[in-house]
Amino acid sequence: MPIQLKRLLPLFIIFIGLFLIVRHFLVPDTFGQYGHYRGDALIDNASRNLVHASKEDCHECHSDIQEKLENDMHASLSCLVCHGPGLMHVADPLAENIEKMSGRTFCGRCHQLNAARSTDMIYQIDIATHHTEKDNCIECHNPHEVWEGLE
Amino acid sequence: MLSKVDGFIYPNEIELQWGILVVLYPYLTGLVAGAFILASLERVFKIKVLGPTYHLALITALAFLICAPLPLVAHLGKPGRFYEIMITPNGSSAMAIFGFVYLWYLMVVLLLEIWFDYRCDFVIWSREEKGVKRIIYKILTLGVSDISPKALKWDERLGYIITVIGIPSAFLLHGYVGFIFGSIKANPWWSTVLMPVIFLFSAMVSGIALVMVLYMIISYIRKVKIDMPCLDTIGKYLFYMLILDFSLESLDQVHRIYEAEESFDILKILVNGKLYITLFGMQITVGMLLPLIGLGAIQVFKIKAKIRKTIYLITGLMVLTGIFFMRWNVVIGGQLFSKSFHGFTNFKLGLIGSEGLFMTLLWILLPFCVLAFLLWLMPPWKKTLSD
Amino acid sequence: MAGAVTLSSMLDTFNVLLYAADPPEGEGPWWGVGIDISKCIGCGLCARACKVENQVPQEPFYYRTWVEQYTILKDGTTKVESPNGGIDGFDQSVEEKDIFKTFFVPKMCNHCAKSPCTQVCPVGATFESPDGVALVDDKYCIGCSYCVQACPYGCRYIHPEKKTADKCTLCYHRIKRGLDPACMEICPTGSRIYGDLNDKDSDLVRYLKENVTRILKPHLNTGAKLFYNALSQEVS
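Chains as they are written, first to last, in the numbering used here: chain A, 346 to 496; chain B, 10 to 396; chain C, 166 to 401.
No lab work stands behind these hints, which were simulated from the structure alone. One should not assume that every hint holds.
[To be verified] Listed below are the simulated DSSO-like cross-link pairs for lysine-lysine, each with C-alpha atoms no more than 27 Å apart in a straight line:
(1) 13(B) with 216(C)
(2) 266(C) with 194(B)
(3) 216(C) with 239(C)
(4) 351(A) with 142(B)
[As the list claims (entries may be wrong)] Some but not every residue of chain B turned toward chain A, in silico, with C-beta under 10 Å:
(5) 12
(6) 15
(7) 100
(8) 112
(9) 117
(10) 124
(11) 148
(12) 152
(13) 166
(14) 167
Beta carbons are placed, not taken as given, at the ideal position from N, Cα and C, and that holds for glycine.
One chain only, chain A, in its complex shape (with noise of 0.2 Å):
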């Protein structure tokens, strides 16, 4: 073998060598446990923290609103819909620490007249016209039961 490869190939070698220790720390534990990823991040992800609730978390306590909805025209909405995250109220309830979202611009978001909105999925009504007299749609329209009290 010629002196150049003589002294090449162990270096070649000890390079290599150096490398793959390198590598056996840097590589992090859980990798390639599942696939070509950190297995860890699979529980990194679920282990996020909540900001939402869920409106089952809300019916524990309100089953007499819960009610009340299930037969009205809002019942497919969730609770935080109007009512916002909320999950700092599931964790204190007896505070004052719900929000409660009402007024033309956010009743609006639903229900202002718009071609694109179907008539058959939702009520619809231009917004500015409606009732002037009135400051918030929630003086006449329930939310937890719309048509009560009109007509």
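Starting from the known structure of chain A, fit chains B and C onto it as the hints suggest.
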């Protein structure tokens, strides 16, 4: 930013992900591949007239290869994690090849070929020089100080084998970059079978042009006469490569225009609008048509050496500019239109910051500084054996 | 461990040409999503709830989910808009008399079974989980943006502070606790649903059976698991 959106884009598309640094990386590795191919023309295909530029081409390739990954690492969101590409490369990702192809090409191809080529000189210079230089040369010999004719014959033979291996390695080094773009089915400006081939041929064009320009500039600085047969041959190869490159890129566009599939309407607006100057002006006219006319004239007419030299210098610089804009049109152009095919975003090149113009100029300047250092360390014209 | 990783990355290479995630054989869920266009009223509560739930930056160009409005005018042109991703709802921007047809299209990650985005990640920082959700490992991501380029639907972005890739996770942290993803919890009309494609009694499988569904960009063969109902041909 929002005001610069034209039409409708998917909301996440407003910012370009790959900016000028990602334009620069294919440009630099392209120069490496091209310079190496020019060197291999002399070594493997025995085109002896290119002898004066052989060592220059190799050292240029090395200088640019050392600097090429730097803009790439700089553009990462988390540059500190760049080593992950070496330890857990994803077998299905073209980009993952980068770590190994780069290391292979640097260590096995370039460094080894230069070592075999210069080993004898390192031994001699380590005996002649004094001080720090002496130590450097001694280290570079790797302790192999045998310069008998038998050992030198082995240098020659092993260097030849490395060069032969180096040619497909150079194709892989730059071809995979083209594949990175060409394999993205989500982007119709990039997704074409021809992309790796176009990248490769434009790389060879730019590499040849670079060595040609450098040879002329360095000869001027050193106040030595330029070897005209050598320069004329380089010019000839540049001309042939330009024709090939132009044909391939034209084929790609003609095919796209003819098939006119779903994305064609938005791409037509892109090419005639935001990319008009960089594509028709810089890439095609400055980068291809004018050089083709200049170099073609030399092939057809008898032109005096002095004028030929001027033509070579100007066309070399034009080609280098044109190929840069070809990378620009691919990378930036592919991100300017929305994948919804309903609109465009825009790209503004800032001056400062890690993706700004000043930084880019620095990255372009750096390889030339490294080249100057390498030419000081391993001057081709001071080699003891003329080959 | 190193040997196993090397071997698995070598075997991965044979998966290169057809990069498909395998649905579990009868064990474990295989999540999919359904969006019913006929039910979407463009209230935009889904987009807003997602940003709140997942702490997505508030600037108007980072979205894990968003709502588009398509307006096909009587002169044949199509106008698409998504003001702030639809987070603040939609106002009617074109007069009734010029409108031929108009509708809303919510968009989110399609959690593709043959996802082009996880195929191209150079380091293995984004992947399809064993239950079919495309996720990002933000502790490993190097921020190269290759996955952002590879997604045909524009679902990914680079988080401006974390500098890693980010995208809809199907609220993995919620579905693993038996809750609905935030966008589906909040949707007032039940336009968005998700379910186990392996469970023949699930809402999603029933939805697939009862409706005429299609996915976006089927010609790209991404194996998208987001099935739209009543999606008109103008949508890209």
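These are the hints, each one checked on the structure:
For the suggested pair residue 13(B) and residue 216(C), the alpha carbons sit about 24 Å apart, so the restraint of at most 27 Å is met. Proximity of residue 266(C) to residue 194(B) is assessed by CA-CA distance (about 31 Å); at most 27 Å being required, the pair is judged violated. Simply put, residue 216(C) and residue 239(C) have alpha-carbon atoms about 35 Å apart, too far for the 27 Å limit, and the pair is violated. With a C-alpha separation of about 26 Å, the suggested pairing of residue 351(A) with residue 142(B) holds against the 27 Å cut-off.
Here the hint on residue 12(B) is broken, as its CB sits about 25 Å from the closest CB of chain A, past 10 Å. Contact between residue 15(B) and chain A, as hinted, is not supported at the beta carbon level, the nearest pair being about 23 Å apart and thus beyond 10 Å. Given hint, residue 100(B) at the interface with chain A, holds; its Cβ is 7 Å from that chain's nearest Cβ, closer than 10 Å. Interface restraint check for residue 112(B): the shortest CB-CB distance to chain A comes to about 9 Å, inside 10 Å, so the restraint holds.
Using the Cβ-Cβ criterion of 10 Å, the hint placing residue 117(B) at the interface with chain A is satisfied: the shortest such distance is roughly 8 Å. Here the hint on residue 124(B) is kept, as its CB sits about 8 Å from the closest CB of chain A, short of 10 Å. Because the closest C-beta pair between residue 148(B) and chain A is about 12 Å apart, greater than 10 Å, the hint is violated. Interface hint status for residue 152(B): upheld, as the beta-carbon distance to the closest one in chain A is roughly 6 Å, under 10 Å.
This hint holds: residue 166(B) has a C-beta 8 Å from the nearest C-beta of chain A, less than the 10 Å allowed. A distance limit of 10 Å between C-beta atoms decides the matter here; for residue 167(B) the minimum to chain A is near 6 Å, and the interface restraint holds.
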